[in-house]
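Residue numbers (the working numbering), protein chains in the order written: chain A, 20 to 329; chain B, 20 to 329; chain C, 20 to 329; chain D, 20 to 329.
No lab work stands behind these hints: they were computed from the structure.
In this text the structure is predicted, and so the values were computed from the model without any measurement.
Treat the hints loosely; a few may be bogus.
It does not matter which identical chain is meant; a pair holds if it fits inside one copy or across any two.
Derived DSSO-like pairs (lysine-lysine); straight-line CA-CA distance at most 27 Å [as the list claims (entries may be wrong)]:
hint	residue 1	residue 2
1	100	40
2	70	323
3	268	100
4	175	197
5	46	197
6	56	197
7	46	268
8	290	323
9	197	268
There are 4 protein chains.
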Amino acid sequence: MQNSSKSIEQVFREAYEIGLKAAPTGKVADYIPELAKADPNAFGICMLDAKGRSIALGSVETRFSIQSVGKVIILAAALEKLGFDETFSHVMMEPSGDSFNSILKLDTRDDRPFNPMINAGAIQTISLLSDKMSFGELLEFSRTLCGDPNISLDEKVYASEYQTGDRNRAIAYLLKSKGVMTADPERSVDLYFKMCSLAVNARSLAYLGLIIATGGVDPMTGRRLITEEHAETIRVIMFTCGMYDYSGKYSVRVGVPTKSGVGGGLCCAAKGPMGIGLYGPSLDNFGNSRGGVKAMEHISRELKLHMFDV
Amino acid sequence: MQNSSKSIEQVFREAYEIGLKAAPTGKVADYIPELAKADPNAFGICMLDAKGRSIALGSVETRFSIQSVGKVIILAAALEKLGFDETFSHVMMEPSGDSFNSILKLDTRDDRPFNPMINAGAIQTISLLSDKMSFGELLEFSRTLCGDPNISLDEKVYASEYQTGDRNRAIAYLLKSKGVMTADPERSVDLYFKMCSLAVNARSLAYLGLIIATGGVDPMTGRRLITEEHAETIRVIMFTCGMYDYSGKYSVRVGVPTKSGVGGGLCCAAKGPMGIGLYGPSLDNFGNSRGGVKAMEHISRELKLHMFDV
Amino acid sequence: MQNSSKSIEQVFREAYEIGLKAAPTGKVADYIPELAKADPNAFGICMLDAKGRSIALGSVETRFSIQSVGKVIILAAALEKLGFDETFSHVMMEPSGDSFNSILKLDTRDDRPFNPMINAGAIQTISLLSDKMSFGELLEFSRTLCGDPNISLDEKVYASEYQTGDRNRAIAYLLKSKGVMTADPERSVDLYFKMCSLAVNARSLAYLGLIIATGGVDPMTGRRLITEEHAETIRVIMFTCGMYDYSGKYSVRVGVPTKSGVGGGLCCAAKGPMGIGLYGPSLDNFGNSRGGVKAMEHISRELKLHMFDV
Amino acid sequence: MQNSSKSIEQVFREAYEIGLKAAPTGKVADYIPELAKADPNAFGICMLDAKGRSIALGSVETRFSIQSVGKVIILAAALEKLGFDETFSHVMMEPSGDSFNSILKLDTRDDRPFNPMINAGAIQTISLLSDKMSFGELLEFSRTLCGDPNISLDEKVYASEYQTGDRNRAIAYLLKSKGVMTADPERSVDLYFKMCSLAVNARSLAYLGLIIATGGVDPMTGRRLITEEHAETIRVIMFTCGMYDYSGKYSVRVGVPTKSGVGGGLCCAAKGPMGIGLYGPSLDNFGNSRGGVKAMEHISRELKLHMFDV
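Whole structure, please, built from the sequences with the hints as guidance.
Below you can see the structure in the form of structure tokens.
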């Protein structure tokens with residue numbers, strides 16, 4: 020699989036240096052006060068593979084809020100609990116919001132949110148679960164998928180999310196008013212805020228990435244956590260929608276199913292299978308970890324991890 | 020690579036039967052009169068692989084207009100003529116038009132068209148070529164990429180396109196007015212109409228798909244026609260943007276880089292590498308060949324061609 | 020002022036017949052169950068002028084919910100309580116061309132709602148009052164402006180509004196998230212729902228129209244309730260924005276400052292000065308009382324009430 | 020009619036001083052080179068009334084391009100040539116709240132442009148005339164309505180309009196593609212460019228305003244040029260849509276039917292009847308003559324010209 024004579028360890032060390040150097044050129048998220056407290060120079064990479072190998076460089080144990088990477092867990096929970104058909108009758112899986120010949124999109128023929136990786140889609144998805152799973156159960160599911168029993172709710176981040184979450188409330192009430200959401204908007208948004216506020220680290224995200232990459236089986240326990248079909252669906256949706264407005268460019272340049280969060284996390288489900296978790300709270304203009312993206316460009320190129328490499 | 024004990028031939032025969040059966044349930048495009056004349060029951064599949072194997076079933080020689088599949092050729096021409104950086108400084112490669120938290124997109128921060136697979140993007144892309152390549156040269160390039168010296172301009176389709184192309188003209192003038200397009204809008208749109216009106220067949224599209232799948236080398240002559248990097252970029256963009264508003268669902272369910280056209284054609288650049296061309300002018304609601312999509316679902320599942328299969 | 024030798028009484032009688040006849044051709048609002056119970060054939064007109072003359076024809080005493088006519092009272096309250104400059108630093112006075120419940124325009128360069136006659140604008144306006152006036156005080160103000168001490172909250176309509184008001188909640192949270200609204204969204208929307216649920220009759224609306232038409236003075240008591248400048252502002256905004264998506268056509272064809280509500284009410288502040296209240300719950304496609312609009316066309320033409328008549 | 024003991028002459032002199040002083044604080048239009056050449060300090064007012072009185076102060080004879088004020092003439096021509104019903108079956112009369120060159124609203128449920136005072140509406144309106152009137156006839160009609168036989172086409176402005184008019188071409192082709200426009204887009208846009216490029220002065224616009232204010236009769240010749248109903252319609256549409264995105268605020272604060280153009284002209288059809296033409300090429304952020312608006316605020320207040328004054 021490797022491109023060159025470099026060892027995997029060497030490639031990751033180089034990537035770590037690249038990411039570390041890139042970090043200070045970005046900007047820590049400040050839309051909620053808790054995020055603004057992160058150290059912009061922090062950077063860490065963790066790699067786990069199916070054979071039990073691991074690499075950990077830099078701030079791998081630092082806890083940060085999962086933010087949008089939690090959307091992957093929400094989607095996984097919905098797929099496992101409700102199945103593919105039921106889930107995708109309430110949210111689409113389209114990266115593109117525009118009709119092929121649209122000049123400007125004013126309204127859509129389909130009121131369902133475009134995909135579960137945007138806020139509207141994640142809020143809609145979690146609303147489907149809101150009367151089937153408590154937050155406690157979602158937290159437990161998150162711990163299992165991340166192989167990390169220490170994940171907990173960061174109460175300060177949650178309080179911030181709750182206080183500043185009016186746009187998400189607007190989205191929920193709009194979905195409710197259109198009849199797309201049938202659950203209670205406040206409860207759905209509250210669950211969503213909590214799932215954004217989970218305190219994870221780069222290692223947790225590597226583990227999550229590895230499970231998705233393997234096709235849904237926990238490599239430590241051998242237990243199946245996600246069906247193979249659902250894991251594949253998640254990989255595809257991470258690939259097409261995982262990096263905000265940079266998703267297309269990232270899929271061309273890096274080509275690894277990845278989900279980012281404004282907390283600075285990146286969760287990659289790479290070929291191998293290999294899970295890669297990155298942490299770098301300094302963000303680029305798209306809201307993705309600047310160091311994380313730079314590091315992944317290097318790793319993908321050197322280890323030939325691009326999904327479309329022949 | 021295969022899923023089962025079935026031979027490739029058998030899988031394609033089954034797919035052909037599925038596509039043939041599905042065809043009459045769709046609707047032939049009628050926005051231009053010439054397209055409406057197609058036989059809704061026509062269906063054909065052609066497979067070519069790098070080892071020289073080929074399968075041809077049904078209406079494989081029937082000529083039809085390439086329509087949006089021509090966008091793949093336009094993109095390839097721009098990449099080869101101008102390079103990656105220059106091309107993508109004038110058109111984006113994003114499948115998603117919406118900010119991650121958008122409720123409704125009203126205007127974009129970036130005036131460039133979202134990607135080269137939508138009309139605005141293809142018109143913008145061809146405008147970049149309009150003072151560097153004549154239509155004659157673009158036609159020659161198309162013949163080479165499709166391994167089909169008989170491709171010619173369908174004058175009736177072109178006349179129809181020209182007469183009914185006012186929305187495309189509006190798009191071109193809008194791009195011009197924003198300073199995104201610097202070439203002449205009329206000339207650009209005219210070239211675009213011509214590239215939509217090339218008369219191809221399922222075999223031509225299979226050949227085109229094979230070249231893209233191989234990484235840019237013509238398997239018959241061994242000549243490199245597209246750089247490997249460009250071929251990969253084209254595969255990714257076909258994957259994320261190739262099937263109109265069904266692109267996301269197709270990428271999940273079929274997972275093969277594919278571009279469709281309302282003329283009924285499908286061009287697939289599959290693993291193997293394998294090129295698959297399909298023809299079925301009866302379309303689904305998204306504008307994709309109904310039989311073609313059904314056939315590809317079968318083929319991808321049976322031959323495990325999904326790009327994200329582990 | 021009159022056009023012809025007909026008496027005012029005769030013109031109103033003719034208008035009443037026209038409105039009564041037109042009524043059954045429309046459709047009673049049914050987006051909340053309580054509204055759907057109205058008698059589609061009901062129709063009534065009440066005219067009051069500054070000299071104490073009055074005309075009352077048909078269902079003049081029937082109570083119905085004020086709905087959007089309440090926006091006029093909300094605007095008057097804000098102008099009196101906060102003044103012109105403060106009010107219009109938080110909401111614009113531009114006709115919008117959008118549907119009454121549009122969210123679209125809230126994502127434009129100026130985040131303020133376009134005007135106080137659309138839902139977003141009325142919710143924003145009442146939010147400015149939410150910590151300065153209780154509902155009890157707003158109710159009392161409404162009774163005074165309508166010369167009708169019997170106006171009360173229709174609890175069933177309010178309950179319906181509250182239950183089905185998710186789009187309005189979405190609007191409020193969106194305004195809050197943009198920093199346009201600083202008050203509590205839930206409290207603001209609740210006040211708004213209550214102000215939509217006041218039980219008025221055609222006579223109340225005629226009185227309200229008369230006060231606005233006179234320039235703000237209660238003709239019965241001689242007491243000034245609204246400053247002359249504010250009354251003029253209200254008349255202009257009723258003229259340009261009062262009839263939903265039919266505002267422009269109504270201003271050309273009828274030309275009388277008028278506000279309609281989906282409860283079937285019409286409040287007109289006509290030259291003279293004259294206040295005209297109409298009730299006809301059968302609505303046209305724009306949400307305006309069908310009989311009411313037809314009757315006003317006749318009255319305006321016969322009595323030359325068009326504001327732009329020379 | 021007057022507010023005070025001041026003479027009309029004195030009010031206009033004061034208004035002239037106010038306008039002159041305000042002028043340099045704005046910005047001359049520069050989207051076409053010819054407009055940028057205007058003297059930002061120039062300012063002029065001309066008043067004509069039905070009794071033959073006239074006031075002329077400052078740059079009253081300076082020629083400038085009519086720009087959007089020409090939309091009033093286009094509308095008048097359509098109403099006279101095609102009648103009210105035919106005209107307004109192809110363009111609406113709803114104020115839009117959109118920028119003058121917006122394309123947004125052309126993708127709504129009603130494909131007709133919102134009103135004849137935005138570019139889309141004016142282009143659509145002139146397209147209705149394009150096979151019924153030559154530019155020569157439109158020019159002659161303009162000269163008559165403006166009482167100014169010296170109006171001619173400013174060839175330089177026209178050339179500029181033609182060269183930079185791609186957004187207007189986009190609008191025309193979009194209308195054509197939707198079937199709203201049936202005439203030739205290029206010819207329609209060309210006529211529109213020409214009608215924007217007429218060289219008028221403040222006196223011409225005062226004359227035009229007076230004819231509209233009187234109800235359509237030329238006060239010099241006694242000849243009826245526009246029916247009374249059409250003149251009223253034009254006054255209403257000027258009132259609700261005449262001042263770009265400032266229309267609502269202007270209608271509240273000034274309250275005189277007025278149309279502005281980015282050439283610096285203002286045409287007012289005031290009560291009296293009185294026609295007022297203003298010229299001040301220095302514009303505010305909305306594209307209206309800064310001095311002109313300030314002067315009209317003063318004149319309307321002092322002479323009580325607000326249409327909604329009681």
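Margin query: Within, between, both or neither: how does the pair residue 197, residue 268 come out at a Cα-Cα threshold of 27 Å?
Written below: This pair counts as between: shortest inter-copy Cα distance 23 Å, intra-copy 33 Å.
Next item on the list: Measure nothing new, just compare the shortest in-copy and cross-copy C-alpha distances for residue 100 and residue 40 to 27 Å and report within, between, both or neither.
Entry: neither (42 Å within a copy, 35 Å between copies)
Next item on the list: Evaluate residue 268 and residue 100 at a C-alpha cut-off of 27 Å and name the case that applies: within, between, both or neither.
Entry: between (33 Å within a copy, 20 Å between copies)
Notebook entry, point to check: How do residue 46 and residue 268 come out at 27 Å by Cα distance, when the copy is not named: within, between, both, or neither?
Noted result: Within one copy only: 20 Å inside a chain, 35 Å across chains, cut-off 27 Å.
Next item on the list: Have a look at residue 70 and residue 323 and pick one of within, between, both or neither, based on CA distance no larger than 27 Å.
Entry: both (19 Å within a copy, 24 Å between copies)
Check: How would you classify residue 175 and residue 197 at a CA-CA limit of 27 Å: within, between, both, or neither?
Finding: Between copies, since 22 Å is at most 27 Å while 33 Å is not.
Next item on the list: Please work out whether the CA atoms of residue 46 and residue 197 approach to 27 Å or closer within one copy, between two copies, in both situations, or in neither?
Entry: between (37 Å within a copy, 22 Å between copies)
Margin query: At most 27 Å between CA atoms: does that hold for residue 56 and residue 197 within a copy, between copies, both, or neither?
Written below: Close across copies (23 Å), not inside one copy (38 Å); limit 27 Å.
Check: When no copy is named, should residue 290 and residue 323 be tagged within, between, both, or neither for a Cα gap of at most 27 Å?
Finding: Both: 9 Å inside a copy, 16 Å across copies.
Hint 1 from the list above is the single one not met by this structure.
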